[in-house]
Amino acid sequence: MKLNVNGTERELNVPEDMPLLWALRDVLDIKGPKFGCGIASCGSCTVLIDGVATRSCVTPVGTVTGVVTTIDALEVNGVLHKVQQAWLDEQVAQCGYCQSGQIMSAVALLNEKPNPTDAEINEAMSGNLCRCGTYPKIRAAIHRAANGGA
Amino acid sequence: MGRIAKIARRTFLVGAVAAAGGVAFGYYQFKKPVKNPLKDGLGEGEATFNPYVKIGSDNTITIIAPRAEMGQGIMTTLAALVAEELEVGLDQVIVEHGPASAAYFNSAVMSENAPFAPWEHSAFKDGFRSVMGAVGKIVALQITGGSTSTVDAFDKMRHAGALAREMLKAAAAKEFGVDAATLKADRGTVTDPASGKSQTYGELALKAADTTPPEDIKLKDRKDWKLLGKSQPRVDMRAKVTGAPVYGIDVTLPDMVYGTVKMNPRLGGRMKSFDASKAQAMPGVIKVVEIDCQFGHGLGVIADNTWTAFQAADAIIVEWGDAPYPAGTAGIMGVIDAALAAGGGSALREIGDVTVAFADAPQDKLIEASYSVPFLAHATMEPMNATAQFKDGRLEIWSPNQGATITRFVCSNVAGLDQDNVTVHTTMMGGGFGRRGEMDFSGYATLLAMAADSKPVKVTWTREEDMKHDLYRPAAMAKFKARLGDDGLPTALDAAIASPSVMRSVIRRNMPSLGNAPLGPDKSITDGAFNQPYSIANQSVRGIDVDLKVPVSFWRSVGNSQNAFFHESFMDEVAAAAKLDPVAMRLKLMADHPAAAKAVEKVAAMSGWGQPPAAGTAKGIAFCLSFGGWVAEVIEVQDTPQGIRITNVWAAADVGLALDPDIIKAQIISGVVYGLSAAMGQEITFKDGMVEQSSFPDYEPMRINQAPQFHVEILENADDIGGVGEIGTPPAAPALANALYALTGKRIRSLPLSKEVKFA
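Protein chains in written order, with the working numbering: chain H, 1 to 150; chain B, 1001 to 1760.
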């Protein structure tokens, strides 16, 4: 089967019911999306499919027809995506394990709502767990990215 | 040596660990310098000055930060200690964890375990602390835990930087034909101000490494610090916002295969029989391996990808043996309850005479309360995993672990190898919280590697396996009793706390040959209750070690996590009974301990304590001294139509010396969120000998929509530098419970609070 991921058409020879997460991580060596729970309850594995935040751990790779974007492709020519830059400026990450998922959810949120309220941030981000408790900084970083980095 | 062993064996459990560890790891002479482990791995043009500094001719400067980065920012702060004295910027250096080595022993983690309150000093007590610190070196404990990393490193890593700087200056002095004292080192270059000549550290490195280090090195005055005391950008941040493959689970090696484990969920039970025929027939499955070791009994699967390994493990049918503890929560808690009722135990604090103080106490001056807390899982975001390769009689292991030298020791035992034939690579970790101080995941990877035909195998646990095979924060029960004086202040405090011993459980797993040897009292049973800075004339705090074989371990802040809940809930009850304001009462009782009183005063001021609350809101306060950090927290709750909402958290944390204020603030918030997550809704329960919880939906942590506003201030009144990573956690649960009491009038003495209240 074919998979369009991070701007490249990749050929895959795996069972159709293999979750997209494991096809990315173990077969295509794309390690940005992380394994946290396997049941879409923590958000560590979040990728974009046609711009929509999707839990790759419960998405069978055979069902994916859209364009997949992972955090690995956000940085272009050494320039961070504005959400990544906001994360860097706010020094959000601690252990950092959930942050690829957090960042991808935030990218999807800001694409849809360029200037989200706190309630909209709660709505969009409550599927992404963080055991280090970086929530205040995540909120600040989303507002910073929305305000053009200020 | 005789004396160390004697004190340790006679009295204290952690000393027994040390003495046993000495046997296990081999004794090192304390005075004998340990070999610099960087010497073996030097590349062309590279020089090493000590175990912490490596400089290449191309000006690549590498600092070794030999404590595990699990989110606490330790790589950044440890690197800053060296960089400050080396006179380089953090932007000029590469920071690495480095190899497992005796050179990176942690003496503070042993001193911290001395069974005295931190403010208590005497010839014997300080002597004991220094003996325990020496033990840390003798047993080569390279441990990241006990909030000790900066305490341990503060002098020695600044020294390492200064030593390298002076060697570089000495080499430059020879080049320039001047006195080294006239030279200036800055941003990786040594300059002679008189002639204007300069050479970079890279140019000087090979020559400098051969110079004799100066005997007497003066560390910089605090007023001259450029990095320390100021918030630094974290050295791991860019990797973490770009999804870089820095975690154990991201390890990729040539020809690597993938695995998982399926262990008996009746913890410690054996395997009666299994049928793996279906699993073995699945495409992509390479092998099913029986596991029978000190960490557990069950099966491993090796496959050509992780998902197939998960599927295969699921398809194996197993008949599991029984658990060595009562099958259900009620039975387990019954054992703890019975031990508490039976009394006894050992007192780490005995002041005045509690028996006399209570003998003639009138009923209206007596306050009694009983508390209980459940088992808790760590639930790190990155599930347990490790990668290992067993080839040509050597074992190489890539492990996200908090104890590199112990990992090497345990895995060498598991593999039947000499420690010299085992190499440990410590990766970054997606959360630790104490869980990764355990060795089970590395041990299983070792066993699977031995069955993997010389190929590296990455062994990843499912979330369910992780949740059901944790080493848990022990459940605990406590009875507290106080007598009030005429002014309402307590004149006597009598406490008994019962829980299974963490240290005993750790020893059973990692040093099985010690088995059930009598090991003395475990400080962690009463930690956070016996050593709090309240001056009460008569005090007795006893810990009862409950013989229960549910595996338990270090959980962020260890004993303080339950004992602060007991102690500070009770202090709130005492204040309520005496009709005293909980802040005012604490300030009176803490008068002998200015750091404590100032933290309470600060948090009261920050939170507007004493002002009339907004309608439907209330505040609670709690304090805990843990790991040398004096922390007061106020939590505000609000009654809303959806349930109780935590609206604000104020924290004042005194760490003596704040090396990086922003990292410390982030750790305080992190500790509070971890503590609140548990207090609000988390508990581990048992049925049929198995843990009932399996993933986040039934072990729900706080999410962003529940996160309150945080207000954190860092104080530096305490005499000594304290730890940071765990100190935010202990006051969180009691501050929340006390706030709920203030809001509703209902006192909740058992966690999690969600059994009694609904949170929004």
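Simulated from the structure, these hints should not be mistaken for lab results. On a predicted model such as this, the values are computed, not experimentally measured, just so you know. It is possible that some hints are incorrect.
[Said to hold, decoys possible] Label pairs and their computed distance ranges (CB to CB):
1. B:GLY1045 with H:GLY78: 39 to 49 Å
2. B:GLY1089 with H:PRO114: 29 to 39 Å
3. B:MET1256 with H:LYS113: 33 to 43 Å
4. B:ALA1181 with H:GLY7: 53 to 63 Å
5. H:PRO114 with B:HIS1711: 40 to 50 Å
Using N, Cα and C, we set each Cβ at its ideal position, and we do this for glycine too.
- Task: Determine which of the earlier numbered hints do not hold for this structure and return their numbers in increasing order.
- Result: 1 and 5
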